[in-house]
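My request is simple: use the sequences and hints to build the entire structure.
Each chain, letter by letter, is given below.
There are 2 protein chains.
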Amino acid sequence: MVTRKMDVEEYVVQGFKASAVAAGLKKDGGLDLALICSERISVGAGVFTLNQVKAAPVILSCENIEKGAARAIIANSGNANACSGKEGLEKARRTALLVARELHIPPDEVLVASTGVIGAPPDMDRISGAIPSLVRELSPQGIPGASQAIMTTDSFPKMSRFEGEADGIPYRIVGMAKGAGMIMPNMATMLCFLLTDIKIDLQHLRKAISSGVRKTFNRISVDGDTSTNDMVLALANGAAENGPLSPGDFEVFEEGMTSVMNELATMIVRDGEGATKLVLVRVAGAASEKDALTAVRTIANSSLVKTAFYGQDPNWGRIMAALGRSDIHMKEEDVSIWIDDVQIVEGGLGKGAEAEREAANKMEKKAFTLTVDLHQGGFEDRMMTCDLTHDYVSINANYRT
Amino acid sequence: MVTRKMDVEEYVVQGFKASAVAAGLKKDGGLDLALICSERISVGAGVFTLNQVKAAPVILSCENIEKGAARAIIANSGNANACSGKEGLEKARRTALLVARELHIPPDEVLVASTGVIGAPPDMDRISGAIPSLVRELSPQGIPGASQAIMTTDSFPKMSRFEGEADGIPYRIVGMAKGAGMIMPNMATMLCFLLTDIKIDLQHLRKAISSGVRKTFNRISVDGDTSTNDMVLALANGAAENGPLSPGDFEVFEEGMTSVMNELATMIVRDGEGATKLVLVRVAGAASEKDALTAVRTIANSSLVKTAFYGQDPNWGRIMAALGRSDIHMKEEDVSIWIDDVQIVEGGLGKGAEAEREAANKMEKKAFTLTVDLHQGGFEDRMMTCDLTHDYVSINANYRT
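Protein sequences, first through last, are from chains A and B.
The numbering of the first sequence is the numbering used here, which starts it at 1 and goes up by one.
The numbering of the second sequence is the numbering used here, which starts it at 1 and goes up by one.
Hints listed in this document are in silico derivations from the structure and should not be mistaken for laboratory results.
Not one of these hints is a red herring.
You can't tell identical chains apart in this list, so a pair holds if it fits in one copy or across any two.
Keeping only pairs whose Cα atoms sit at most 25 Å apart, straight-line, the calculated PhoX-like set for lysine-lysine is:
1. K86 x K351
2. K86 x K331
3. K351 x K27
4. K67 x K199
5. K290 x K331
6. K351 x K26
7. K26 x K86
8. K215 x K366
9. K207 x K290
10. K331 x K351
Have a look at this one:
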C-alpha cells in the first residue's frame, strides 16, 4: 500500500522486455511512449471502457485481443487519440503496423493504448520516428521506465507485483497503471497492464482479470467521470513452463491478480487529482446487492461529502442526504454511521459533539474508513474514494493550457 | 436577470405582511427567522424535496398544505432541522403552534421551512423567544427583510415579481428564494415562497406551480446533490377580488409564475457556491425526451466539464466523454457542439484551434451557452449550471467550522 523505491529487478518478468522514450507528445518533454513486448506469443485478455465514446486505441485493441493472443503493447501519454475520427483510427492502426514491422510479428499481435488530451489525433511523425529506438532499447529491466511513460497528471508511477507457484513452479505477476482524473466505477482514464509468465489458458486468464477488475478498478472513484480510453490488458507468456493449473493453483493466481490490481487501484485513488485523503466507503445492511452498490457510489461521488472529507468534518448530514437521494430502500431512523471505529450516527440521529470531535481526529489521518449500516438486509459493498480539494480544481481548470 | 437594489414597495403584495429578526440561530448574528402572513386564509400549494430523508419542516408543511389552504409561513436559516428525529418534528410542530397562537389562527394553517446545518434540532428557546417580536413587526414592507433571513451561504437575497391582470383586475406575484449549494435537478437546499393576491382555485394554483417548477427549479444544477429541505410554497390570498379566470387569464398567470421562478432559479445558479460563470446547457436532436434530459444532466453535473468552464477552456473532449457515459442513444460521429454561436465540434470532430480560441473568448464572459446537437431525433432539453471553482471547495470544506 506504500509507494516504494523501485528496484528494477523486482519488476522483471521472464520473457518480457520493455522500453520508454520521450517522443515529444508531452509538452514537458518527459517520457511519453512505452513499448512492452513478450519474446513469445502470449495469451491475452482485456477489459475496456464502457463509455460509448471509445478512443481509437480502445477500438483497435479490443479488436486485436479478441482472438486471445498478443505479443506487444505500445502505449503513449500526452494524447488520448479520442474523438479523433477516422484519422485517429488510421493512426492507431499505423502505430501497430510500424511496431509489428520493427518486431517482425503480425500487426494484430500489437495492442495500442493512449492517454492524454482528447480531441485531436496524435502527431504520427513523432510516434513513427521513435519506434525504432523503442525497439532497440527493449530490455528486461525496462518495465519501470514504461510505467513512467504512461503517466499524465499522476504524481508517481504505479507498479505492483505478486509471486506465486503453479504446479510447483514459481511465477510472477507484475502490473503497472496510470490514473489520476476521470476515475469512476467502470474504470477511468486508467490504463493497467498486467504481465505474467504463468502458463494459463485463455478462459482462466479472462476469468481472473474480470473478477479482479470488478473488485478493484470498478470500486474506485475520483470525480465521477468515466474516460474514453480505459483499458486493463493482461498478457501471460507461459515462460514459467508450468503444467496445467490445479483448482488451488488457479485460486492463488486469481488472488494474486486481484491483489496486484487492488494495490494499483489504491495508488490511483491516493494519487487522485489533488487528493489529500484516501477514504474507504463501506455500506452494510443493504436490502439488495444493487442497493449496496448504489449507496456506496452515491456517497463516494458526492461533491459535498468529498469536500467535507477535505475539511476533516464528520458532516454526517451530507451522508444522510446522499443516501436519501440515492433511490435505495432505507429508513432514516435505522441508519448508523462510523468514521473508523467512532460511531457518529445511531438510529438516524447524531451521537453528539464529543463523538464528532473524536471522528474529526480520525479524519486528520491520510486514510480512514466511513462505514454506513442501513439495517435493511444482508448485502454490503465498498468503494475507495478521495477528497475534493482546491488542487483538483486547479489541475482540471488548467489541464490543457 | 440582474440583481437590483430592492425597492421595498415593489415587493408589497396586497393582504400579505412579513417580518424578520435575528433570533441567534446563525452564528454570525444575522437575520435568521422570517414570518410571512396573509390577512385572510389563502389557497396554498407546495412542491417538496424528493430526497427520502425529509427534514421535519418538510414533513410538517407537506401535511399542513395538503388541504390546499394556509395563512402563514415561518422560515429559519442556521439550522435545517433535518436528521433530527422525533425531537425535530416536535419542535417544528411547536413552532407552528406558537405562531398560530400569536396570530390567533389554527396551527394547521402555518407552514414551516428551515435551512442550514443538518443533524441537530434547532434551539427552541431562541425560536419561541423571537416569535412575539416577529408578529409585532409584521408589515406589508417586510417581504425583502424576510428574503434576507432565509439566506445561508447565499451572497445576495433573491426576489422577483410579476404584474398581471385577471378578469381586468391587476394582481401581483412576488417570489423570494434562497439557494447556493446542494442545487441539483429535483430541487436543492432551496426554499422558494411565492405570494400572490390573485383569486384562483386550488387546482389551477397547483397546476401553475408544478409546471413552473418543472421548467425552472428542476432544470438547475450547482453540485449534483439534492437536499433534505427543499420546498416551493405558493399562497394566493385572493385580495385582488378578481372574478373567475378565463383560459387566457390563467395562461398569463402560469407564465408569470414561471417567469418569477425562472428569475429566482437563475439567481440561484449565478450565486451557486463559489460560482463565477452561469452556463445554459442545451441538448437538441435527442432520440427521446428522456435522452435529452439525461444528456443535459450529465453534462451539467460533470466535475470535469464544470472545472473546464472555470478554466475558460472549450474542452469539448470532456463533453463528448460525458455524453458517452450518459447511457443515451448517440453516435460520436453525429455530434455537433457550440459555445454561444461558435461551433467547436462538427461530425464528432474538433473544428480546430481558431474555433477553440473564439470559443475561449466567449467563455470569458460571466454567462454563456453550451449547445449540443446529437442529430438522433427531435427532442431537446436545457439546464442552467455553473462552474466548479476553488471557492466551492473552500465554502464546503469549512461550512460547519
